[in-house]
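Participant: Given these sequences and hints, build the entire structure.
Protein chains: 2
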Amino acid sequence: MSVKIPQSHFDLIDGPVLITLTTLMPDGQPHSTIVWCNSDGENVLVNTARGRQKDKNMSADPKVTLLALDPNDDFRYIEIRGVVDEITEVGAAEHIAELARLYMDAPAFYGHVAPADLAGKETRVIYKIRPTKVRTLGG
Amino acid sequence: MSVKIPQSHFDLIDGPVLITLTTLMPDGQPHSTIVWCNSDGENVLVNTARGRQKDKNMSADPKVTLLALDPNDDFRYIEIRGVVDEITEVGAAEHIAELARLYMDAPAFYGHVAPADLAGKETRVIYKIRPTKVRTLGG
Chain A
5 MSVKIPQSHF DLIDGPVLIT LTTLMPDGQP HSTIVWCNSD GENVLVNTAR
55 GRQKDKNMSA DPKVTLLALD PNDDFRYIEI RGVVDEITEV GAAEHIAELA
105 RLYMDAPAFY GHVAPADLAG KETRVIYKIR PTKVRTLGG
Chain B
5 MSVKIPQSHF DLIDGPVLIT LTTLMPDGQP HSTIVWCNSD GENVLVNTAR
55 GRQKDKNMSA DPKVTLLALD PNDDFRYIEI RGVVDEITEV GAAEHIAELA
105 RLYMDAPAFY GHVAPADLAG KETRVIYKIR PTKVRTLGG
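Protein sequence lines correspond, in order, to chains A and B.
Here my numbering is used: the first residue of the first sequence is 5, the next is one more, and so on.
Here my numbering is used: the first residue of the second sequence is 5, the next is one more, and so on.
Rather than coming from a laboratory, the hints here were simulated on the basis of the structure.
Don't take each hint at face value.
Remember, identical chains collapse to one label, so a pair may be satisfied in a single copy or spanning two.
[Claimed, not checked] Under the rule of at most 30 Å between Cα atoms (straight-line distance), these lysine-lysine pairs were calculated in the DSBU-like manner:
#	residue 1	residue 2
1	Lys60	Lys125
2	Lys8	Lys60
3	Lys137	Lys125
4	Lys60	Lys137
Facilitator: Set out below in structure tokens:
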């Protein structure tokens, strides 16, 4: 099962809006972080590094939920509940660079760490999240 | 077990910052919404109305997680994982009015609905969330 991301709120997923990604800890407690994302038109793509908590969580339990709040409208957001359909390292370094351009207008920037410090030190991963339930507020 | 909310990030919980509240659906899928909150100094207080999904979820499973992102700093946030320790209707109408003043500088405003339209139509509830794990980014 898959549901469409409505055009009315697609800008919150494809634009440079920080989103809250929630994954599940082994004991079932939700774990929330702030991430960048974009989409392939149908699925949400997030990018993290191997070994991080959300990487471990999504590898163990595919149930995840995203919330993207419009930074200019307190009463406009989209919640996407879904499942991780694919986990891949293919293209992940290029994808995080693409997100850096989108979010920071920078050729590459991984959080607080300069790219040179990261070379060979981390393995980037793309998580493809298939929406199974979408809820929106506002127009 | 309880952990303290660090002073460095207390403003994100006690100030008028919109937070993402994640509860758990009956099937374990995370459910995220945007809410107002404040605190009693140790616990986070959120306020909803009986019958809403997050009310049902928190009544059934006490595991919840909050994330508050600094609207002025993309790299500063606090994540609070915790449990719902108390659910009460006592003082809940006053509490939502207090939050309306804090967030909207209004005497009372419940989302998009004028107070007069809500009189007698909903029962407000306070959820007291005890932090069990706190994680921060930024200073």
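Participant: Taking the hints in turn, state whether each one holds.
Facilitator: Hint by hint, here is what the structure shows:
no., hint, in the structure
1, Lys60 <-> Lys125, "within (18 Å within a copy, 44 Å between copies)"
2, Lys8 <-> Lys60, "both (27 Å within a copy, 26 Å between copies)"
3, Lys137 <-> Lys125, "between (36 Å within a copy, 28 Å between copies)"
4, Lys60 <-> Lys137, "both (23 Å within a copy, 18 Å between copies)"
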